[in-house]
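Peer 1: Listed here are the chains, written in short residue letters.
There are 2 protein chains.
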Amino acid sequence: MANVAKKVSWSGRDPRDDEDERAGETTPLLNGTGPGAAGGARQFTPSFLRPGQLSNVDLNEDIRELETELPRPYPNEIPHNEKLLSLKYESLDYDNSENQLFLEEERRINHAAFRTVEIKRWVICAMIGILTGLVACFIDIVVENLAGLKYRVVKDNIDKFTEKGGLSFSLLLWATLNASVVMVGSVIVAFIEPVAAGSGIPQIKCYLNGVKIPHVVRLKTLVIKVCGVILSVVGGLAVGKEGPMIHSGAVIAAGISQGRSTSLKRDFKIFEYFRRDTEKRDFVSAGAAAGVSAAFGAPVGGVLFSLEEGASFWNQFLTWRIFFASMISTFTLNSVLSVYHGNAWDLSSPGLINFGRFDSEKMGYTIQEIPIFIFMGVVGGILGALFNALNYWLTMFRIRYIHRPCLQVIEAMLVAAVTAAVGFVMIYCSRDCQPIQGSSVAYPLQLFCADGEYNSMATAFFNTPEKSVVNLFHDPPGSYNPMTLGMFTLMYFFLACWTYGLTVSAGVFIPSLLIGAAWGRLFGISLSYLTKGSIWADPGKYALMGAAAQLGGIVRMTLSLTVIMMEATGNVTYGFPIMLVLMTAKIVGDYFVEGLYDMHIQLQSVPFLHWEAPVTSHSLTAREVMSTPVTCLRRIERVGTVVDILSDTSSNHNGFPVVESNPNTTQVGLGLPGGCLSRSWLWGLVPPQVFVERANLSLVQRRLKLKDFRDAYPRFPPIQSIHVSQDERECMIDLSEFMNPSPYTVPQEASLPRVFKLFRALGLRHLVVVNNHNEVVGMVTRKDLARYRLGKEGLEELSLAQT
Amino acid sequence: MANVAKKVSWSGRDPRDDEDERAGETTPLLNGTGPGAAGGARQFTPSFLRPGQLSNVDLNEDIRELETELPRPYPNEIPHNEKLLSLKYESLDYDNSENQLFLEEERRINHAAFRTVEIKRWVICAMIGILTGLVACFIDIVVENLAGLKYRVVKDNIDKFTEKGGLSFSLLLWATLNASVVMVGSVIVAFIEPVAAGSGIPQIKCYLNGVKIPHVVRLKTLVIKVCGVILSVVGGLAVGKEGPMIHSGAVIAAGISQGRSTSLKRDFKIFEYFRRDTEKRDFVSAGAAAGVSAAFGAPVGGVLFSLEEGASFWNQFLTWRIFFASMISTFTLNSVLSVYHGNAWDLSSPGLINFGRFDSEKMGYTIQEIPIFIFMGVVGGILGALFNALNYWLTMFRIRYIHRPCLQVIEAMLVAAVTAAVGFVMIYCSRDCQPIQGSSVAYPLQLFCADGEYNSMATAFFNTPEKSVVNLFHDPPGSYNPMTLGMFTLMYFFLACWTYGLTVSAGVFIPSLLIGAAWGRLFGISLSYLTKGSIWADPGKYALMGAAAQLGGIVRMTLSLTVIMMEATGNVTYGFPIMLVLMTAKIVGDYFVEGLYDMHIQLQSVPFLHWEAPVTSHSLTAREVMSTPVTCLRRIERVGTVVDILSDTSSNHNGFPVVESNPNTTQVGLGLPGGCLSRSWLWGLVPPQVFVERANLSLVQRRLKLKDFRDAYPRFPPIQSIHVSQDERECMIDLSEFMNPSPYTVPQEASLPRVFKLFRALGLRHLVVVNNHNEVVGMVTRKDLARYRLGKEGLEELSLAQT
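Chains as they are written, first to last, in full-length UniProt numbering: chain A, 1 to 803; chain B, 1 to 803.
Treat the hints with care, since some could be wrong.
[What the hints assert, rightly or not] Here are the computed distance ranges between Cβ atoms for each label pair:
1) Val-117(B) to Ser-263(A): 42 to 52 Å
2) Tyr-529(A) to Val-339(B): 26 to 36 Å
3) Leu-149(A) to Ile-436(B): 34 to 44 Å
4) Gln-368(B) to Leu-149(A): 49 to 59 Å
5) Tyr-340(A) to Asp-156(B): 58 to 68 Å
These are computed hints drawn from the structure, not numbers from a lab. All values reported here derive from a predicted model rather than from experimental measurement. All residues carry an ideal CB built from backbone N, CA and C; glycine is no exception.
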């Protein structure tokens, strides 16, 4: 594996580049390169051509979307490791292109009209919140009913066969029920919309980070996601329905804010102002936050989740709107569920999962317990790292061997059956009987227990995971046998690990919480034994800390997770130990292996930008980082040239600097595509779609409006679909109307952290690099920045590849 | 008043500029100005000289700090209104200058050393949290004891004189006690450190926004602030001790992170790496958050406060550290106070003020009440606007007539005496007696009530405001007479309004909450009467909503305030109505007049940058906004020139573009200070201190290190203190080591929103504007951007002035 990566890395980059870099590390920045002399002699040398970057980048989204997410037939040749960046992902452009069309519109709009736009934003956020809340309610109610039905059927069956023997029939029934439900859930995901698999959190993280993942915010994805998660949970898999809510919220937000649906092929002709990357991404942040809010009853946690994953530039108004959507979402869920549960307007269930009240009086902690909590954080970090490492190997295995949809469905069914079997065997072998009185068990399974008692192991398996978590938190001391908890933890750990990554819609939050709560409670009970049961009042709080530690160890979220847990427990004073536990788990876990979501993002080779450039990257400058040469255009350009550039799939960017000849220095190869070191001025970047549209629609004559672009957004027609005659090719088009006249630029001496900061803070898609003469010498894109990473031995460079 | 402003506005700006702007509004951006032709003919014309900007800006902080905050002798000539920006405030530079010294250091540091730096950051945040928590404890304990002592003395006195008549002695005693305590508090503020007056929140807002306010983060300020707030609260003023905690936390953070104290003249030689604006501002954010957290037991609210007020670029690691500091702060406070109150490790009082538990079961709200809450938001908005408008007139009056410290002290004493007198008279006139049994009143005053009863009005006045707020929230229905509440609201409203802006350290949070809680409870009781007391269970929740509405109507904070209130009530489900109430109050209040803090910031003419550029400012471009001409330097510069520039107080910026001649176009007046349209390249910005240091210390020979600058930060020696001989003046210095070789630039065609976004997102201090030839044509600073504001009739332009 490592060899493959190594090879790709070397073939992807010319050795001379690496020499330059090493030189840059030892000599000061400006010494080696006199002004002007710097790039001039070197830009045209072929040593700067990076094969990986120049080959075969598709320009149009439609074409790109045809490349589905399905694995390739020869997976062994895909060097799927984390030292690779895929070229297939495009970036979102968070920076508005300030071209003439845009400016004209903005200048036409007066203050009152802007207020209308602002009000529309609020209305959309309210709608996002309401719909997300309703979807969450729908999932919750359907799951509760279907799962209840299933448990009743199985329970009746077990009760029947317990008396007359032949419990293997019950096992068969249970396993078959589970497997068939999961089969349906897996089939719709695998065959209809593979991007709906998993929790969707990695995908949303990528989207908020600025990476376009095809199909991720489509209505079809939402439908499959919602049905899939219901079927997974009802199918008894070790999964939760919370993670997918985040994805669902994001899809709802994207759909509403654009006022149309690609899946339904309907355009409602509303909210057209918001049809651009900037606005859409803002609304998707709100949707993700609303999803978190509905899932955990944690509106503030939702806002912080969106900010932690997505925001680069903090905007007060945007954050306030996100918070509004979150609040509406949890309030909607709360209202509907309270009506559904009969105690109308009680408003005590703000999320899909509620940890129940942790009162300071009953379940308070003392300062002496804090070292114990930190120790639990260490355990959580180690267990989380183990979980992630196991899942990594499993995922690699899946990428290589289980890439056909039918195989994926079979694996999902196998896991469902095994989960049922393991549960059954453990219940069967368990002799942990508890009195039925005073317990809050929904489906008490008597099995071989005496009358008036129930099998304690059965409650853990014979329940939705959410209920099991709350039971572990709040059941009075003595409700669980340590042996039961230990066995349960062990089995559930492996089941959850096996389950994550299956081709079903499912989240990992709840299984993680459940594993943690189980071993946390076990830990609490052990402590109680060790200290003769005197001071350690309630194992419930250890279950909570264990849950936090395990979840933190697996997903490695920090701020938002602390706040989510804090809000879910409804107690501010628990925030401090939860924070310590999560921090410890993250530090310990990071020592071994990355977080689960980051790991999966890396396995997808997504060019994900972290918050800061690697700390030791000050030795790199924009010159070493940038892609070069770039294809430049002239301000007045031949249509043929434009069409050729757009048709040429080897042109390596979606933005082209528009250059103009310098009247003082006229001896230049002006705007030649392929050689952009013209002595020229930098004029602007133009999205290629502009030319296409223009070339298509009677060329120079037709006055394009901003509306044309909005209507086409985000799927512009490919150049291949447009016929351009020879006469038309000779026409000239004026690009000045469409180009951004003031793109951001950096000098080539700027250090990587500086470039990174500008790029990240403004959410750019392209950043033009200029030399001392202000001539375009290269372009920095997301991929160029994402390539540099801090590894164990210092700065690492990932290679780019077509995967 | 308006005339004065108008006049200044016109004299401060040449009419021709305004013409240009109007032209810019109607014609498209690029049409009027051909490439190259743009600035050339115009830059040297004197019409571009703006008198306001060119006259008398002090370059060195020490000189600037000599200009104290004391009002001028002729206040009528200071056009103190909101249409003015002061030139006396400097900006913080959040963008690291990537000069050679900095880069060399960064490249020397390896990965392990960076980890050490990172650990130091965490240690500092922990220390900030602990110290902030301890300071909060100190304030709380001292206030509790001193106030208790005072109330006991007065109560005994009243009890004595109630029997034998002559209650006017009690009034005298009370008033004198209050006035003398407040006198001490006012004297230390007025004579020792005027910047410690008020809550400090406007100052911290400005600091986090990037404006340097002299003395604001000095140790001396902290000491005065802490003593001042104790004395104000003990002196019975209508003030709270919560607001000042935010300022205190900020000072603590600034002090610890720099590892030295200017007030103590001690340098502990630690944390030297953090001696620059970027790092200091980050730590101050953490300190402010820790202050909020300690004040309200709201760690998440604290983080959001810091982000709402300060952050532009959201950084996950920074936010996580801020949260850590907040958590530590509230935990420290909680632990210490729990020990102090005898119930060690109970951890039930996470903040200085706790609203007490609002349980869903007992005090839940129903969906039908939400319109009522929104109506309360409207009332809060109107009352808040009234408060702010009254305070505005009062502040204008104070600026004009009460500008001597002794007058300020007298006013404070007067307010203290009047507060006592009003309280006394109201208690005296009140006939609202309540049974003493079962109530939680600390100092029950019997007065003319029957035995076993106490005067209900007295509890409101005869208590620290924090306790009164909690009583209003949680006292059972019927504890208060509507008349009592009405009178109390009315009187306290005017007292609080009069008090805010006095020369004492005091916050406005608690008085606002108290006013709101009083009328909210009154509102709840009235509702109860109207509906025959059937459905409206508890007036406590109306008190809470009233408090939120009133506070929101006055300060107009949104997200952070919602979260603070949510955390203080400890109930997530209350978040939704609180959010609605705060939103309504803000919308209604904004219709009339600005928020209190923003109003005071404007009255100080601080160049405060909001989150976004005015929406209708797309018609303005960088060319119209920038200051021009700028003083440029050459890469190799004569020492004499540098010294002259630095000595010349009329040079209008603290940063100078370093320009270099273009080898292709040598016919230029290169780097002439005053005329910067040289045909040249932009090279970098240099803080002027570099030259000074260098000129001082044996000129070209001495190799300056980054340490030299860090030791001097932030108070560099003024140029006047350095003797430069004639020989030395003729030496040449090479600026390339110190200049930032890759400053951010914008083309002059960039629109104002684009410039604004770049400036704000990166926290810049200077932004260089270049023309199509990449020649420096101007500079955009904070003042240039802050000048444009959205007024009632569209875009307004503030004038710049020396105040």
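Peer 1: Would you mind marking each hint as holding or not holding in the structure?
Peer 2: Results for each hint:
Here the CB-CB span from Val-117(B) to Ser-263(A) is close to 50 Å, well matched to the stated 42 to 52 Å. Under the hint 26 to 36 Å, the C-beta atoms of Tyr-529(A) and Val-339(B), about 30 Å apart, fit the expected range. The hint said 34 to 44 Å for the Cβ distance between Leu-149(A) and Ile-436(B), and at roughly 60 Å that hint is violated. One distance hint, 49 to 59 Å for the beta-carbon pair Gln-368(B) and Leu-149(A), is violated here, with the actual separation near 35 Å.
The hinted range of 58 to 68 Å is satisfied by Tyr-340(A) and Asp-156(B), whose Cβ atoms lie roughly 60 Å apart.
Figure legend: structure checked against the earlier numbered hints; hints not met, in rising order: 3 and 4.
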